[in-house]
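Peer 1: Chain by chain, the residues run as shown.
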Amino acid sequence: MAQIFHRSTNALSRITIFGGVFFLAVLIWAADQWTRSSYMTGQDVVLHQPVPFSHDHHTAQLGIDCRYCHTSVEESAFAGIPPTATCMNCHNLIWNESPMLEPVRQSYATNTPIQWQRVHDLPDFVYFNHSIHVAKGVGCESCHGRVDEMPLIYQAETLQMEWCLSCHRDPAPNTRPRDQVVTMGFDPKDHGVDPAQLAEEYNVQSLIYCSVCHR
Amino acid sequence: MAKKRTEPDRPIQMRHPIIAEGHTPATVTDQISAVVLTKTPRWWYVGFAVAFSLVMVLFMALAQLFVKGVGIWGLNNPVNWGFAIINFVWWIGIGHAGTLISAILLLLRQNWRNSINRFAEAMTLFAVACAGLFPLIHMGRPWRFYYMLPIPNTFDLWPQFRSPLIWDVFAVTTYALVSALFWYVGLIPDLATLRDRAKNKFAQHAYGILAAGWRGSSRHWHNYEVASMLLAGLATPLVVSVHTVVSFDFAASQLPGWHATIFPPYFVAGAVFAGFAMVITLAVPLRALFGLNDFITLRHLQNMAKVMLATGMVVSYGYAIEIFMAWYSGNGFEQFMITNRIGGPYKYAWFALILCNVLSIQLLWFKRVRKSVPMLFVVAMFVNVGMWLERFVIIVTSLHRDFLPSSWDMYSGTRWDWATYVGTIGLFLALMFLFIRFLPMISIFEMRMILPEADEVKEGKK
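Protein chains in written order, with the numbering used here: chain A, 33 to 247; chain B, 9 to 470.
The hints are simulated quantities; they were obtained by calculation from the structure and are not laboratory data. Hints may contain errors.
[Said to hold, decoys possible] If you only want the chain B side, here are some residues facing chain A, beta carbon under 8 Å, derived:
1) P160
2) T162
3) F163
4) D164
5) Q168
6) Q212
7) G299
[As the list claims (entries may be wrong)] Partial chain B-side listing against chain A, Cβ under 10 Å, derived:
8) L133
9) N161
10) L199
11) R203
12) K209
Glycine included, every Cβ here is placed at the ideal spot set by N, Cα and C.
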């Protein structure tokens, strides 16, 4: 009886089996990379804004406090986006002819807000409150990164749940004195404080049950 | 002084042998492989068409479910588990006979199993496929099913390992995997037979690829024996563990009617009971339609009837103990649950269940009933219905009378519930029809091993 299969079928079937295993491994690796990529998370991506506002220039070089613009960060869930009037406090006097600031003046004149692109956008099913984090001594930079080194703002962290949990499971290392919350490049050694002791003093708890954030 | 016993020179002739007389290896192979390799009989098309149209009903019910959500089912506030869980437990129970036959009876060297193990295993696989559908679709968002699996994820979360529902995921996937492997490994030598006997090129190639280069060398046979023994060893604990875990879904809760230590053994016995009923339900028409009475003999049917009677008595004992414990515990909630189950609004379901699962099987004590094929079929059908009713009674009567009388409600399946259920029966039958058409439904090489000639080879006479 004639053979149904050619000799090469042996090699082919081995290649298929091992190739299949290899392919599956690559697929799993790719899926893992993809879900953590900046394409999915938006991490490190600079969004196009109506005005190229530089946090670096305004904070590090001019020394403006975060709370000058983000006024509600200490008492509200939302840190607050400043109204155009806040910009115009200075910019009606300085750089008031700059073409770069034309949209700001337009907004002020016509009383329509500037359409900023939201950089830190949590999903709607997540409850997040800025005020409690600030009150417990979590610094701005712990989540937002070195804003003072960003000429154009971007999302410094992944904002994925594993990232939230990495601190919620062990919040002590990210605790700092309340008066140092807005400090950039904070080092507890410079201030002679022990984060663990502070966490105890501020009654910082590890809150990791579902309904803390998914209400 | 005792007389010295003399060995009979021939084994005592069984009244009902496990294979009819006059068969040789060639006739066995011819007759079983002919079912697959000859022209498709007309009744097959009719049967498959009916089954396949029921699969379409299933698809319609699923489409409706995915569009509208679980609100199309009859679920309400106290009865949050309905048809989906009833059907899941029913199907997964049916699968158990296949595993028992293929694994435990193999290890116990019960070689009468050789003629029924193949299609019983197929039945297991298809039943598990139907069962697995229900937990998936009963989730509000079935596309999120992978949340149940412990895969690395960006939430940094594991499933809740303390929940029996997660144990279920592991139990059922392991079960499906081991059953599929066991079934496939057992098929390889027969696939090679079909490859060698197939006339058309496509069939030769299809069976050839599936036969994975089987040439029947002694090394192949040795590997096969080792693999099938290992898989039998792996599958044996599954016979007990899978339905035990399923019973934990109920027993680990604190609901009267569910929270009982008898549940695991009572569920396992119920599963084997339901499974053997389904094997008889399938074996009776199959042997008639394909003229396989020589291979699936009265002896097989009688043996299965005995297993059914034994496990059915264990199940009956479970019912009795439930009632006894309600009284003996002195717990008012338990007592209310039992009186409501027997005398409440669902009393007819309970009485029907007792009729099907306790009373009907008492007929099997009589040899005349065990030897009568139509009677066996009728009893098996009663048990199929009874085991579905059992799950209905356990789930619905325990839930519908809540601790808070203001939330009491009645439950019944909607037409979509029924369409889904009937649809899975269609899926099961359609897969079964495909299986009997394209694969040997009886293990050819294992049948050759139970021929009298095989014993002579073993004893070195040939």
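Peer 1: All hints are to be evaluated individually against the structure, with a verdict given for each.
Peer 2: Structure-based check of all given hints:
no.	hint	result
1	P160	holds (7 Å)
2	T162	holds (4 Å)
3	F163	holds (4 Å)
4	D164	holds (3 Å)
5	Q168	violated (10 Å)
6	Q212	holds (5 Å)
7	G299	violated (29 Å)
8	L133	violated (22 Å)
9	N161	holds (8 Å)
10	L199	violated (13 Å)
11	R203	holds (7 Å)
12	K209	holds (8 Å)
Going down the numbered hints, you'll see the structure goes against 5, 7, 8, 10, while the others check out.
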